[in-house]
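Peer 1: Could you build the full structure based on these sequences and the hints that come with them?
Protein sequences, first through last, are from chains A and B. To convert, note that position 453 of the first sequence is 1233 in the working numbering; the numbers rise steadily by one, no gaps. To convert, note that position 43 of the second sequence is 50 in the working numbering; the numbers rise steadily by one, no gaps.
Since the hints were derived computationally from the structure, they do not count as laboratory data.
The calculated DSSO-like cross-link candidates involving lysine-lysine, where the alpha carbons are at most 27 Å apart (straight line), are:
(1) B/K114 / A/K1330
(2) B/K143 / A/K1193
(3) B/K123 / B/K180
(4) A/K1193 / B/K22
(5) B/K205 / B/K143
(6) B/K143 / A/K972
(7) B/K82 / A/K1339
(8) A/K1167 / A/K1306
(9) A/K1193 / B/K114
(10) B/K82 / B/K114
(11) A/K1339 / B/K22
One side of the interface only, derived from the structure: several residues of chain A facing chain B at Cβ under 10 Å:
(12) A1100
(13) R1125
(14) V1203
Listing some non-contacts, in silico: residues in chain B with all C-beta distances to chain A over 10 Å:
(15) R209
(16) E254
(17) I255
Where a beta carbon is used, it is the ideal one built from N, C-alpha and C, also for glycine.
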Amino acid sequence: MSRFLLWLCMLPSRLWASMGADVAQLRMLLWVRLLLDNRRPVQMGRSSGKPSNYRIWITTIVSVFVGLLYVIPLLAFKDLIAGWTIYYTAFGFLYVFTLITDLGHVLLDTREKYIVQTRPVGDRTILLARLLHLFSYLVRTALPMSLGGWAAAIYYSGWKGALWFPVTLFLLLAMVVFAVNVFYIALLRLVKPARFSAVLSYFQIVFAIILFASYQFLPRLLGNGEPANLNLADYGIVRFFPAYWLGSTWGWMGIPVALSGSWITGLLAFALPVVCLVLLVRILAPQFARRLALLDSGNEAQNAGGAPRMETSPKKVLGARLATIFTRTRPAEAGFLLSWALTTRSRSFRMRMITSLAYLPVYFVYLISSSRDSVGETLRDLPNTNKFLMLLYMVSFVVMQSVSFLAMSDAYKAAWIYRTTPVENPGALVLGGITAVWVKYILPFFGAISLVVLSVWGLRTLPDILLAGVNIVAFGLMSLYLGNFYLPFSLPEKAEANRGARNVIRLFLAFLIPVVLGGLHYLALKMLWLKLLFLALSGIFMWLIWTSLKEKSWAAIDKSYRNLEV
Amino acid sequence: MSISLQNLSARYGEKVVLNNIQLEIPAGQIIGYIGPNGAGKSTTVKILTGLLPDFQGEATVAGFDVRTQPLEVKKRIGYVPEVAELYDLLTPHEYLHFVGVLHGMPKALVDERMIKMLSAFGIGENMHQRMDTFSKGMRQKVLLTSGLLHNPEIVILDEPLSGLDANAVIVVKQLLQVLKAEGKTIFYCSHMMDVVEKVSDRIVLLKEGQIVADGTIDALRQGGNASLEELFAQLTLSGNADAQAAEIAAALQ
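Peer 2: Structure follows, in structure tokens:
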């Protein structure tokens, strides 16, 4: 794929030469960029993952499938113009997100400045390499993503559709590139360079969740037959949306248009991208380049001489105060303080944790929504069900994940410090670390969920919330005991992929134990005395396992690491 | 003896990295522990600091067996590793507190020493800034502070001057003499021969896991006036340095 893209980009090499580029250098610059694209880890929102040699193929295949998803409205709606409007909305919206997150990596990578710009390479060659790289990106993502739409166009409009679809796709891409540029310029203007990557990461999370939610809900929403009867004539407001402008151009291919004025909206579909492109070339692109240069020099200023950028106030004592409440020994205190600070500042940890937490409500809504009832009916019935147990126990999955997230770090080599200091029982240190994570992330999250449960199902659920809370902590400690006993921030990111058999145990734990605990809890739902008994038993179990973990020795820790190496 | 190594051997798989090392270091000495890459210096340091429990022979530090009493050893040593690996998302204040707590030090004492030491190193003002923006030299100063914070009896330094500017190098060299005068033992690993020559009371030269020279710089010179660099080359370089340089230059022609 990389070779094909390189060949495609270098086809007009004479033109590039006439524009002042050194063709040999251009080819090599482009080749290296494609190679790096190919080897970047695939996971979303994470710096982890094995470097892949097939990234371009994987993203291509994923793009094809995502593109097929957009076609669902075309199959579901009787009004094809409505179908195409939703198709362009979904395609455009998600492609803006994709571009924003993917281009962020390229833009933030300032290594080129030191590697390439210190060599005798002309500005035009560098500029062309950047533009062709962007072009290759569009080809390898937008094209496969549009295959489903193309097939639908042929199915509904024959050869005319086959020819017309690429035109509308081009118009859509022009608008998308414009929107992405506007976003980046606003970002570069509003956000300090130090926060730039953090903002992008949050964007990735939102993107991942929207994608996930749309995968879960779209087929189900369309599957109940209602929207198929949607008539655009009842929604005149769509005339103001560019996606409808593009959709309405299908009227020229013989598809009936419910709303009047389709000629005007069709022409607007052509006019807007032209205006966008003019604005892009004349105003936005130069501004973008200037802002980007400032970003580079901003990074340099930070690197040179260690200019401070992130001042941390010594008065910030919340972590220290909480450490005195939640820990009893010095190693536990050390673990707590370290984790408290790093779990906020480590971007990879934060991203993982927030993503896991954010997925949970989506899963819950997906699980409770029924294909027969409407959303309104489902919500009305909710207080009469016992689905709050499902909501509460789903937190177990995040708790288990938090245990393995805590062990991983980009700076894992700094963990030498644990082994050169006189720490007798590393178990206490690990527990201190995980306590900090739970206090900071899980406790507020569980609290918020509890409030939802109390407000929907009433005060009667209070004992259930308590029992579920204790069970979840016990489960978290058990997963620490059985599979994830590592020092905080001591494992390389890629270690996760090497766990092999351990992963099986973890998966088993992840699904079976919360289900069993939740099942027992369910059986006790009507009997308060049984719930209180379970609460006491679970509390005792939690205490026992806590005590055992606290006493874990270096030998036990070493065993965990050895298992990882196998 | 402050440090005692008897018949110390270690191997990585089939490769022998330390071969029957015998070394006695009394308190209050600065030992320059030198050798070419792969000679076994880092392995020795790892054994002394408790990072490598898998070795043969005996190793005692401050009278405690490294194998059976590692905690007692760790209480008494201060270690500054070659590569400044630290949790750089923390501030020096937070990192040193973390280290202090691991050593069981009272918070007030950690604070007092940290402020004095970081200020003396000239980075007192940076105490509450995250270290991910620090230069290599600044990180090294934090690392040196972390190694000395608990006032150890024995200080193990692996390339401690790495990344430091000329003024900081002078300060650290002087610091070594002060620590020695206080009776501390300093185990100093480095490739910077001129510094080792100046600061060390005794030099131990390692080659292929074995000690090939052990004595004061004068004893190693055997009445001559060769520098430590020249002695090092004589004892460890397999070929001729001039010939190797000429070979590299010739490749460019």
